[in-house]
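> Model the placement of chain B on the given structure of chain A, informed by the hints.
Protein chains: 2
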Amino acid sequence: MSLSAVFNPKSIAIVGASTKIGSVGNDIVKNLATQGYRGLIYPVNPKVDEIYGLKCYKDISDVPETVDLVVIAIPASFVPEVIPAAAAKGAKGVVVISAGFKETGNVELEHRLAEECRKHNIALIGPNCLGVINPAIYMNASFSVLMPKAGSVAFMSQSGALCTAILDYAVKLNIGFSKFASVGNKAETDEIALLKYLYTDKETKVVAMYVEDLKESGKFIEAAKKLTKSDNPKPIIILKSGRTSAGASASASHTGSLAGNDAAYDALFRQCGVIRASSVSQMFNLIQTFTSNPMPKGRRVAIVTNAGGPGVLTTDMAISCGLELAKLSPESIIQLKAVLPPSASLANPIDILGDAKADRYAEAIRIIGQDPNVDSVLIILTPQSMTQIEDTARIIIENKNSLHKPLIACFMGETTVVSGIAMMKSSNVTVTAFPEEAAEAMAVLTRFAEYRSEPEDEQFDFSDIHYKEVKKIFAEARTKGIKYFPEAEAAKILKLYNLPVLSFDVVKTSAEALTVAKKHSGKMVMKIVSKDIVHKSDVGGVMLGISPAEAGEKFDEMIRLIKKNCPKAAIDGVLMAEMVDRSKAVELILGQSKDPSLGAMLMVGLGGIYVELFKDVAFGLAPISKTEAYKMLSQIKAHKIIEGLRGQAKLDEDALIEAMGRLSKLVHDFPEIKELDINPLALFPDEQGAKVLDVRIIIE
Amino acid sequence: MSLSAVFNPKSIAIVGASTKIGSVGNDIVKNLATQGYRGLIYPVNPKVDEIYGLKCYKDISDVPETVDLVVIAIPASFVPEVIPAAAAKGAKGVVVISAGFKETGNVELEHRLAEECRKHNIALIGPNCLGVINPAIYMNASFSVLMPKAGSVAFMSQSGALCTAILDYAVKLNIGFSKFASVGNKAETDEIALLKYLYTDKETKVVAMYVEDLKESGKFIEAAKKLTKSDNPKPIIILKSGRTSAGASASASHTGSLAGNDAAYDALFRQCGVIRASSVSQMFNLIQTFTSNPMPKGRRVAIVTNAGGPGVLTTDMAISCGLELAKLSPESIIQLKAVLPPSASLANPIDILGDAKADRYAEAIRIIGQDPNVDSVLIILTPQSMTQIEDTARIIIENKNSLHKPLIACFMGETTVVSGIAMMKSSNVTVTAFPEEAAEAMAVLTRFAEYRSEPEDEQFDFSDIHYKEVKKIFAEARTKGIKYFPEAEAAKILKLYNLPVLSFDVVKTSAEALTVAKKHSGKMVMKIVSKDIVHKSDVGGVMLGISPAEAGEKFDEMIRLIKKNCPKAAIDGVLMAEMVDRSKAVELILGQSKDPSLGAMLMVGLGGIYVELFKDVAFGLAPISKTEAYKMLSQIKAHKIIEGLRGQAKLDEDALIEAMGRLSKLVHDFPEIKELDINPLALFPDEQGAKVLDVRIIIE
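In order, the protein sequences belong to chains A and B. For the first sequence, the residue numbers in the working numbering are 5 to 704. For the second sequence, the residue numbers in the working numbering are 5 to 704.
Excised from the complex, chain A in its bound form:
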């Protein structure tokens, strides 16, 4: 199945073509017939002879020639049966506009539709969508009237209604599209399929998407990385809704899909270099920025302004988004001094003063363009009485390409400055409406450049894990109806993945306890083993600091206590392990959190009450790479403790990273794991490793 028939058809049939003005089936024919599409158009409607001058066919089987693409806008229940007929006509793609599938509960009907398409090797867009547009061939196979100009941006949206708004904004913003699609319920063609297609699409340079949910994180990452990591990268900008739980539930009622936990999406996007837009407005700024700028070499931005206040506002935003103010080279300072008036500010932001004409902008841009200390340029203009708006726009347009550095301009205002803004936009200069937005967009471009320059992810080598043994344990548990694995059982599973669990024994008599105790030289800890007891220490089920000699009597004491406190609990024995000196360790929490769409995530954070208080945790989609584990750690504030805060010892970060990797592999290998918490994991200084001090697993 290929999407090329969808986006570049030589002939299109519209099943459900209609003469009723304002209906979807009418709009689509009208858009195809009147907006310049040069391919063949076959309206299909049993009751009509002609629409917009086009001969209308009773049935798709009546169409005399081959049909590449079929657009369907008839009641949902009749849609699946169109597919074999379309296939018989040679169709390679269908776009199903009709609603009434999964989003209204008709899951089965949607499955049938997808199945028919797969069977006939037909690419399916939708159902429940607005349609697709390819401006380069003037094909508007949608019911949105606006035909955007052709360009290099592929826009794909899970919301059809948003598409019309995007097209409406795009005209004013002068954004051109390579491909435009409303993907609806994504019964077959989802974002992964689209990314694969757009990777090879020559017209597309930037991909922008509106997304409510994604699936199959592994495949998504692979598909996305092909674009973001290629030598000639195609940045992917995603506006993802459902950031808040209320937002997610609104989305669920909207498309019938479960929007995932937001942390999972942040992790997903980070793991494949996808740029997440924070708003519709920012998405447009980023689309502009990424389509018309080279990558910056670093974070050092220079700001040229004819107004002090806006220069400060721009600086504020630049710094708070992670950019750095470039420290101009001495040569630049000398050159600026020679061309600017004495009261101009030569420090960055470079204030060329309110009476600056175009020539002063030209000089400043030329000088900082040559400065090796400057990685990117922001130009701010306020309309003073001397300001030459169009001449300055021209200067920026002329110098932009020779700069070899990204440049974003903001001409502040919407009245006297409009001609300059229009000139720059039509010459591919990135222009934002407000100065803060320029800084923000440059910061995002810079972060993408940094992502691009990162080396390939370093992978873990886990050839020593015992996958089959764990599989067997879970299989047996399922047979027995066991779902909960308390510490001793859970630790066994972790050990099979070589996680640093304490070596322990489970003993059933005081004599066994004494035998085991002989293996230990230092103090021990004893814990009751019982599936019926969750809070062990509350009932006397935990004893610390036991010397080998007293192991026997302590065993008896614990059994007595438990029998008294929990007479009904089934006792499986007593766990004996070495007593860990926690005084030098820092306690972390490692666990799994599950996203309903994206699957298992690894969580790492500072343990104790601080997890709850500061929520200082990071997430990564399992399985993670070594590089990703390190990135997760660098996101949490507790990372400073791991690195050795205030002259304290550095902790064994390598051991932690290894543990994170192994745990992520475990939860990835076994999707039946519903909950898994290692709390705490004790992390020791220097190279003294880490120890799992408690763990529990629940499977489903």
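Keep in mind that the hints were calculated from the coordinates and are not lab data. None of these values were measured; they are calculated from a predicted model. A couple of the hints might just be wrong.
A pair counts as met if it fits within one copy or between any two copies, since identical chains are not told apart.
[Said to hold, decoys possible] Here are the simulated DMTMM-like cross-link-like pairs (lysine to aspartate or glutamate), alpha carbons at most 20 Å apart as the crow flies:
(1) K535 x E493
(2) K654 x E616
(3) K176 x E418
(4) K641 x E616
The following block gives chain B in isolation, referenced to the frame of chain A:
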């Protein structure tokens, strides 16, 4: 001195009027002469007879009549001498456009100018400014060519160049101004004076300001509260630059003023209900929102949309800004069900579907307007083929006033929707360019309504403090050249303000130590007292858990150790105090931070390594009220510990608040305190109070 002559003059002289096109002195005369000002205009220039048809005078003393306002645009050094001549003509106000004062280092000249104005009872705007505009009387006494429309917004800016940009945006956004002023260096008229004037100005309903620095926080708070807390409030929206340190330094080079620490400004604004705009764009959205909406009664927002995706995006932003999605009443649900198609979403956001015409919007607005569970309304529209853009705009305009609830609309797009947007803007409906901005603005309006409904601040009663004794201590210290007050000395000072310091004695012999020990029943702590020793515990200068009987020998041991480890240190004795059981206490840090412009701030936060790691601290400008102390605590995450995290005991919050109040009073009463740290303050459970466990003070 009154600013009414500045904003409502009957006659204006322009000293420095010029015939040179493009010069400031020419622009001002042209703007006054050609934009409709009906008062008398007297250009002053010794070399010219006439400008723009107006007779020109050689000297201001030649003007035949009284002059209310004098606008001055001549070289800086000649400006002060104009003032007596202006006064002689009866001037009550001057606007000094000329640059070359404080901002270029001529501080003395600026002082002279201000002094002259004060002497002659003349209100002074500037110097180094763009001028002032009063659109209601068509007075444009500035060198910006754009005359905005008259309205209810007073805009005041510390950046002149920003003013022209603001005027340029305002035309398109349809914002009208009551007063418009560029305040320049603020030699005399600063924000406090402006707020006092605008409080009484009948035309002004909303105040917006661009600010780089403020002074005299107490007076600012008083002046601002008059507006924000009055029965008919005037919201104050401030765009404050210098958020980041790099931003602050750019600002310093720009206006020659020291931009303050941002935390101080956040505290200042919070303490008087000032709304801080995060960007130029947000400032405009807030200006619109506050000028045309009633206050919401609560946080419960209803969203009406014809597009699911944008509904979710709006919800996301609403929730993350602190709004709540209204839960519609059962009556509303029934009514909506009756008028909306079956597939419409009746849950909030109310999705009236893509084929919604104006009538569906009308019904939805009417129904949620009557719903007592809805406090505010957001209307989202995307341009679908059936959408009635102008009719829907009309519906919104018609229903807006009868709603009695704030309403913000977003018609997404910039092409087909523009006519509807223009209609709404000219009918005082708040419209944002993007849906997220609508939610953001509504959240800010809601927060202001909440501020308005807060009761008056509860004040502390500190009649028991010993101000004079502390004054004496500092005076003596200054005489002796003492700047550093180590624990024992600092604790004495705190005690005079009744802060909960440990009772202690300083002993000089082992015999004294034994005598003092007799007063104690429990364990004691002993600490060396020496101005030469900072890290006491490193040199054996701290001993814990000493029983009364061993006090004498421990004294001798400590002295021996110190003499060995710090042979040159002057020993002032050994401090003896009860040993506090820290095990149940939580350790906090209380301290002072100083803002260069705004003065002393109190800081409170979680102590230990977590201060550094999580920066979980809050600031308040001293002196704070009881209410403010509580607000500060509610800002830090550690507040949950104070309230009793996870079933642990609630700590003695009242004692902490009392300590915060007393400390803020101390640092406010004594501006010579440069540094003060109570670290830690132990806070105990229930009503067991707080204890200062260590403290140091540095004065300057």
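> Give a verdict on every hint.
Evaluation of the provided hints:
no., hint, in the structure
1, K535 x E493, "within (10 Å within a copy, 60 Å between copies)"
2, K654 x E616, "between (25 Å within a copy, 17 Å between copies)"
3, K176 x E418, "both (13 Å within a copy, 6 Å between copies)"
4, K641 x E616, "both (14 Å within a copy, 10 Å between copies)"
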